[in-house]
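So the protein lines, in turn, are chains W and A.
So for the first sequence, our numbering puts the first residue at 80; every next one is plus one.
So for the second sequence, our numbering puts the first residue at 80; every next one is plus one.
Hints were generated in silico from the structure; no laboratory data involved.
Among the hints, a few may not be true.
No copy is singled out in the list; a pair is fine if it fits within one copy or between any two copies.
Claimed, not checked - Once the Cα atoms are required to be at most 25 angstroms apart in a straight line, the calculated DSS-like pairs of lysine-lysine come out as:
#1 136 to 398
#2 412 to 398
#3 398 to 105
#4 92 to 285
#5 285 to 412
#6 114 to 412
2 protein chains.
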Amino acid sequence: MGILLKAKMIAKKTIERMETGSAIRKMFDEGLSMKAEHGAEHVADLSLGNPEFAPPKAFLEALRRAASEPTPHGYMPNAGYPHVREAIAGYLNRHGYFENAEARHVLMTTGAAGAINVVLKTILDPGDEVIVLRPYFVEYRFYIDNHGGQMALVDTNEDFSLDVEAVAAAVTRRTKAVMLNAPNNPSGRVYDRASLEALAEMLLRKAHEHGRAIALISDEPYRELLFDDTAFVSPATVYPNSFMCYSWSKSFNIAGERIGYVAVNPAAMGEDRDALLDALAMTNRTLGFVNAPALMQRAVAEAVEAEVETGHYAAKREKLCAALDESGYTYVKPEGAFYIFPQTLGPEEAFIRRAREHLLLVVPGSAFGRPGHFRLSFACDDRTVALACEKLRAVAGDYHRERAQVEPVPRGAFAHKAPSPEAGTKGHDASR
Amino acid sequence: MGILLKAKMIAKKTIERMETGSAIRKMFDEGLSMKAEHGAEHVADLSLGNPEFAPPKAFLEALRRAASEPTPHGYMPNAGYPHVREAIAGYLNRHGYFENAEARHVLMTTGAAGAINVVLKTILDPGDEVIVLRPYFVEYRFYIDNHGGQMALVDTNEDFSLDVEAVAAAVTRRTKAVMLNAPNNPSGRVYDRASLEALAEMLLRKAHEHGRAIALISDEPYRELLFDDTAFVSPATVYPNSFMCYSWSKSFNIAGERIGYVAVNPAAMGEDRDALLDALAMTNRTLGFVNAPALMQRAVAEAVEAEVETGHYAAKREKLCAALDESGYTYVKPEGAFYIFPQTLGPEEAFIRRAREHLLLVVPGSAFGRPGHFRLSFACDDRTVALACEKLRAVAGDYHRERAQVEPVPRGAFAHKAPSPEAGTKGHDASR
Chain W
80 MGILLKAKMI AKKTIERMET GSAIRKMFDE GLSMKAEHGA EHVADLSLGN PEFAPPKAFL
140 EALRRAASEP TPHGYMPNAG YPHVREAIAG YLNRHGYFEN AEARHVLMTT GAAGAINVVL
200 KTILDPGDEV IVLRPYFVEY RFYIDNHGGQ MALVDTNEDF SLDVEAVAAA VTRRTKAVML
260 NAPNNPSGRV YDRASLEALA EMLLRKAHEH GRAIALISDE PYRELLFDDT AFVSPATVYP
320 NSFMCYSWSK SFNIAGERIG YVAVNPAAMG EDRDALLDAL AMTNRTLGFV NAPALMQRAV
380 AEAVEAEVET GHYAAKREKL CAALDESGYT YVKPEGAFYI FPQTLGPEEA FIRRAREHLL
440 LVVPGSAFGR PGHFRLSFAC DDRTVALACE KLRAVAGDYH RERAQVEPVP RGAFAHKAPS
500 PEAGTKGHDA SR
Chain A
80 MGILLKAKMI AKKTIERMET GSAIRKMFDE GLSMKAEHGA EHVADLSLGN PEFAPPKAFL
140 EALRRAASEP TPHGYMPNAG YPHVREAIAG YLNRHGYFEN AEARHVLMTT GAAGAINVVL
200 KTILDPGDEV IVLRPYFVEY RFYIDNHGGQ MALVDTNEDF SLDVEAVAAA VTRRTKAVML
260 NAPNNPSGRV YDRASLEALA EMLLRKAHEH GRAIALISDE PYRELLFDDT AFVSPATVYP
320 NSFMCYSWSK SFNIAGERIG YVAVNPAAMG EDRDALLDAL AMTNRTLGFV NAPALMQRAV
380 AEAVEAEVET GHYAAKREKL CAALDESGYT YVKPEGAFYI FPQTLGPEEA FIRRAREHLL
440 LVVPGSAFGR PGHFRLSFAC DDRTVALACE KLRAVAGDYH RERAQVEPVP RGAFAHKAPS
500 PEAGTKGHDA SR
């Protein structure tokens, strides 16, 4: 009884997925073996977006209370506890997201990943297209494919701001949704009101032209992590047919607990609004989430006004940006989240390899559909940030020396020329 | 801007699902309005499988500790915390499920529903068939469809035991899995070792014949709820290519917390076993579950040996069975879980309506693919059980009287004739 049967257990589609997802996995594995070989303290790992800071006190206290009291742990309605949904709706109204949100506009979910999958499953028919802006969070590809959708990639501008005309050009009769990550992972870009309003206007026009609703899915787990007084405008508040997908993973540092929600813009969907909410709740059930984890629902509802600490991120960002400036990297200073997405100093693959030689772990831009870049995460401790700054300088130093040997150019000048996207994926560094 | 766009937001497929799922939903809604109208204390609601008993003390203490200590709440590997997976593997070995399970055979999941969806997504290519035994848990239909599979229904015997020949006849070149619920919801049947071994042998033979692996997916959330010294044999331990899907929802009464696991039979899948485990972990991530809720993983691992209380269920079962016996219902005494699945006294639809007139809420057998039956859940308090017993007698009394008027037969005799499946779905009660 053997090989024949065993080799065929995994679906072909799953094997394809594993290959797609293997770039980041390979990097993680290399990181682990690098740490084992050289000692973790010598490796600057800026590859992960997993903040291990303490959650807010108010949340921890609410959690402790919920776990100590004889709270029910059984099923509740698939949309979540009514009092929890009401608390979220109240928060959204008080903080100016919506004016008239009610409990029935909120569905509690298993994190933002759960929220996005529930929305996509609810609205996508096979072959429907979802427009995603490049650079994009790599999981979107899987989420859309899970539910038979087709991903249509549209580049943002060079500075990662919205290119509304490019989005307009990509809208077809099959377009069912546009998906935004605001603030954006990996670029840290926060979309401004003017560009979001232009997007909303264009989408409404296109929807009428094609006689078909187009949804906006706004993925907002980083929205409290903002720098330099950047104003956050939720895309879901600017366009009526919107789904706001939120998670406390990053704001409360509880990514492992899987708690978030979808809020449907109250202006959305008119007379079939109740059907839409019913559909989301049913999909939450039938996808196997059933309901968001009960205890966490109670805890986040009680701590919904807990203050989110971002000061430590601002300091880390400053240090990394100073190191990038000094060494002649080209980058857009992030306005939110905890990532920087600079251009590589030459072909991407060789640059990532060179960074690894210096024990600096970063994610290649091609993993986000934007080759010629690399992502730094500053969801790490200060020691790691300081180490990373040294290593960014050292990597740049290598490039300066090599360039100087080949063709003498003014120091730093080469760094400002963006590499072509192809260079990042196909190029090989002849110098190695 | 209006109706045109708004009416088209929900996918056609979702609307179809809502219609499929509407029978049970309709019953719930009717139950709510029935309670509002007549007072909840006068309604015997045996429709739900949501035990609201207290979780085991050991679990509550472990939960309290985990919530009070400065435990990490961030991401962990998608398969779960290594120490938690190890604790589960140890439990499975100590309790004789497996002999050599290791942490790497266990994937922590968002309940059994999460577990089943992860397994199906990992192994199904579009069009693959999954054999499901009738009567079946209604959600299986959605789970299989979520991942492009086709459900193939096979009837169990009259007493709900395994009909291995019928399963064999349903296996085709497209069969990728057989799915069992053990103990079964709604019948309470526990499959015995001999029938499971016959099933395993047949599946291995068919797999070789077709040159294709066939998986066994065993859904076991009720396995600790057993009566009359019934021995539980996990189907996943009898057949090598098995996925054991478990949840603490019913054993610990924590259905709202969404915590469970998949354990892969260590004998399964030979040289691609590691790939299979990697694939399950990746699917857990890409379906949007990401990982099982962190705090609950810690709590169940610590309380893994907590004793499961089933005494109260046994007493409730006895009372309901006594009432069924007295009133001449035909049924198979459940060996496990907390459901009884008797035959209706005449056409199903009319019987369910008659029960409702008596303020007795039960689920029609057609919701489980086996018309002419009804499901009683005894996951309820003793007062409700006592009330339900009265009502079961009253409903039977109605049928006795009506039959007596039409054709005088010996008391109770008519109940032993099983109605045809068609009668349950199409029949109308002329007497109303």
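Fill in: residue 285 and residue 412: within-copy, between-copy, both or neither at 25 angstroms Cα
neither (33 angstroms within a copy, 61 angstroms between copies)
Fill in: Within, between, both or neither: residue 136, residue 398 at alpha-carbon 25 angstroms
So residue 136 and residue 398 fail the 25 angstroms test inside a copy (27 angstroms) and across (49 angstroms) alike.
Discussion item. Treating 25 angstroms as the Cα threshold, decide for residue 114 and residue 412: within, between, both or neither.
Written reply: neither (29 angstroms within a copy, 59 angstroms between copies)
Discussion item. At most 25 angstroms between alpha carbons: which applies to residue 92 and residue 285, within, between, both or neither?
Written reply: between (33 angstroms within a copy, 24 angstroms between copies)
Worksheet item: At most 25 angstroms between C-alpha atoms: does residue 398 with residue 105 qualify within a copy, between copies, both, or neither?
Response: neither (28 angstroms within a copy, 59 angstroms between copies)
Practice prompt. Could you figure out if residue 412 and residue 398 sit no more than 25 angstroms apart (CA to CA) within one copy, between two copies, both or neither?
Written response: Answer is within: at 12 angstroms inside a copy they meet the 25 angstroms cutoff, but 70 angstroms across does not.
In this structure, the earlier hints numbered 1, 3, 5 and 6 are contradicted, and the remaining ones agree with it.
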